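Q: Read off the chains here:
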Amino acid sequence: MRFTDICPYDSLTPLEKMPYVALVEVTKNLDGLSFDFLSITSTTMKRRLSELDNKPIKEIRRLELKKTTIRKCFRTVPACYIYAQCGWKTLESTHQLTPRPIDFDNISFNDILRSVVVNAVCVNHTFIPCGKTFQWRDEVINIDRKTLCVTSKTLRKRIGDLNTKGPLREIRRLEISRTVARFNATRTQPVCRIFIHYPKRAVKLYITDHVIIEMHIKRGQPKRRSLLCGFKNSPKQEPKVPYTIHTIPASIVVFDDLLRKVTDNSVCINHSFYQSGKQIMPVVDAIANIPRRIRGIFRRRQIREDYFTRLPDTCLLEIFKHLTRKDLDYLKGVNKKIHSVSNDKSLDKIKWEQGGLYICQRKRLQLRSSNSKRCKEEKIYIVPLPFEPKFLTRLHSILRGHNVKSLTCWSMKCDMNMDPIRQEERSSSFTQLIKGIPIVEMKAVGNIIPSLITEQFLATVCASGMIAFISELFPVDYYQHKFQVSESFLPYLLKFHSLKAPGMILHTNWIVNLIMDYLNEEEEFGKREEIFNKMSDPCRVDFVGWEFAVDRPITSQLIKQQIRAAEFQYTLLPTLNDEKHSIVNIRNNMRAIISPFAWEVEDGAATFHVVEIEFCHELESS
Amino acid sequence: MVLITLVSSDEQNFPVERELLKQSGTIETLIVNMNLDDEDTDAAAMPIPLPNVKGDVLEKVIQWMEHHKGDPVKEGDNEDNNAEIVVPQWDDDFFKPAMYGSKHLELTVAASYLDIKNLLTLSCKAISNTFKGKTGPQIREEWGVPNEFTPEEEEAIRKENEWSE
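Order-wise, the sequence lines are chains A and B. If you count by our numbering, then the first sequence holds residues 12 to 633, one letter each, in order. If you count by our numbering, then the second sequence holds residues 2 to 166, one letter each, in order.
Next comes chain A alone, as it looks inside the complex (with noise of 0.2 Å):
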């Protein structure tokens, strides 16, 4: 007898042939399996494995394999049930199938597992056939335990247990063992199992080796009704794994060599292998949803003794050095002993390229790097991205994967109609952004930057690091930003060997005692210049020095009124359309030449002093 004789899949509805999954006993195949790996016994077990492999099936959704232990004069129960999702036209069987519509009100259940159903309260309750395990989300109600047909008193502890908390809003799952006591203190295999699921509409078959049982859900009917039920055909009409659900979350595989061909094989999804003297372990996927107390019964078969790891350092190094970048992100996942290795400097130089990096927009929010490897001590550039918070957060993740010394940012864009609370939330996205880079340097940025520097800013990143800040934009940008700096910031600034912020105003009368003291931080300049030099070409910064706005014109007078003759030597320098001016730390012939000038702001109505001072050894500037 054929599946479609039972059930002729033209008589279905589309809806009624989508869901459906069907346990057969023996199906069809799968590509390359093969069951010479497989530890069984069972030659039944093994010609359905080989019937597997004559045909293939689209999907499977569930196979069950167990072991199978011959005995003098009976077997067990069957080897291996297979759970596949196909056409029912491509369903056959070679078995004589005798379908006999379920009778619900004679099945032979007992009292506590009807009770069970009928409430239909329990959800995911899965009792392990080891008889040890369960484990029940909530709980069911109404279950008297003394009806309870079972010899375990384990079993009728776990059932009475089931009844001391709340009810539960369905069943899910109900997998009920019973341990049956054998002359030889072995135990059987599950008495049985219960898998109540809530199909729409469903039309189900289970087939066991003499058996067939076929369910009709009509519409309509009320959902107790749709569990699906079978039964082995013995003396005791006890019920004998009737049904599993379409999927479960907390799916399982085997790892044997079989069962890896099964799961390497792309027809195979959610496969559940049920534990039978083999170690399993849960789908890596799934294992998060499994308890963490059923998870501790899941182990995963080890099929080779780990040598690996027992390598010294010195070796896996070696072998380390073969690899790729991407191959040793991959092997960092494999255990501690390589992550930690993996790390090793000597590695740097397949993890990290030289040159720059540009990172630019790749879809909404998505952005991307010019090439896969991490850049080191390199020049980063950003090119043309939205000012938006989301997008300066997620460049700071991607930044924190290199080691920045240099970042470029030119045409940020930003919608010109900012609310105060926006452009709070951009500035401090922006500072933890540039935090710790030691060279940021900002281009066609518009107004957004300006807007963005401020005291507190600039003190933030000069205190984490920051040695060079240069933004090249308008003057009419800054003037519209300019804001006064106080005493207390002039500490910060004599830390910074490169800073253009013509926004920054400071008192005309600080601007040659400052630079005085710059002067004779010779050890300072030189930690600093150190730095620049042992940047690459493309990441140093041709400007040493400051640029900033003054209260009022810096003017010969002045500087020579402020200046300690005896240690430093003032020299005007004349030029051709403005004058310069020229002081000297005579103790060690640093330099520093202040050029004023003055931008004409609100259409010529005022004028914006602005002052830039270059810092160099005597001889570098002769």
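Hints listed in this document are in silico derivations from the structure and should not be mistaken for laboratory results. Small disclaimer: the values here were computed from a predicted structure and weren't measured.
With beta-carbon atoms standing in for the labels, derived distance ranges:
#	chain 1	residue 1	chain 2	residue 2	range
1	B	Glu155	A	His407	19 to 27 Å
2	A	Gln443	B	Asp72	50 to 58 Å
3	A	Ser351	B	Asp116	23 to 31 Å
4	B	Lys23	A	Glu532	54 to 62 Å
5	A	Glu532	B	Thr136	52 to 60 Å
6	A	Ser351	B	Pro138	13 to 21 Å
7	A	Lys356	B	Asp116	18 to 26 Å
8	B	Pro48	A	Lys347	36 to 44 Å
9	B	Asp116	A	Glu532	48 to 56 Å
10	A	Lys356	B	Pro138	23 to 31 Å
11	A	Ser408	B	Glu154	15 to 23 Å
12	B	Val74	A	Gly537	44 to 52 Å
We treat Cβ as the ideally placed atom computed from N, Cα and C, and that holds for glycine.
Assemble the complex: chain A is given as a structure, and chain B must be docked to it using the hints.
A: Here is chain B on its own, set in the frame of chain A:
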């Protein structure tokens, strides 16, 4: 032909041609220090103990050295582009049978200990080839390495690598 006897950790004796041993930096140093090259010295009477190498591994090492007799010996640190090294067919066949077992790894350790640079390079390259294009779980499965990471740690590593994918 001068023969020098190597003694493994399990006290097996392996008489080896002097010429072959030039491939091993460690043994070469010992030979020089023990003056085994002197005409007056009876090299056969002075076996070189190798307490860190078992007999079966040493046998493999000698087999490899015999095949590579006359090959130029690398000196100093390997500055080659490791990615471009190709394992010759003979060596591939030599390593493959024991690739995932302890023997190959012991051979690698022995190559490191005996300072046989060519053997170490090829052996490591052969091992590293098994990692190419494989994910962490696949490597774990292949080499039988236990997973010590918690799901949270695995997620953190995945995120760490995410940016370049």
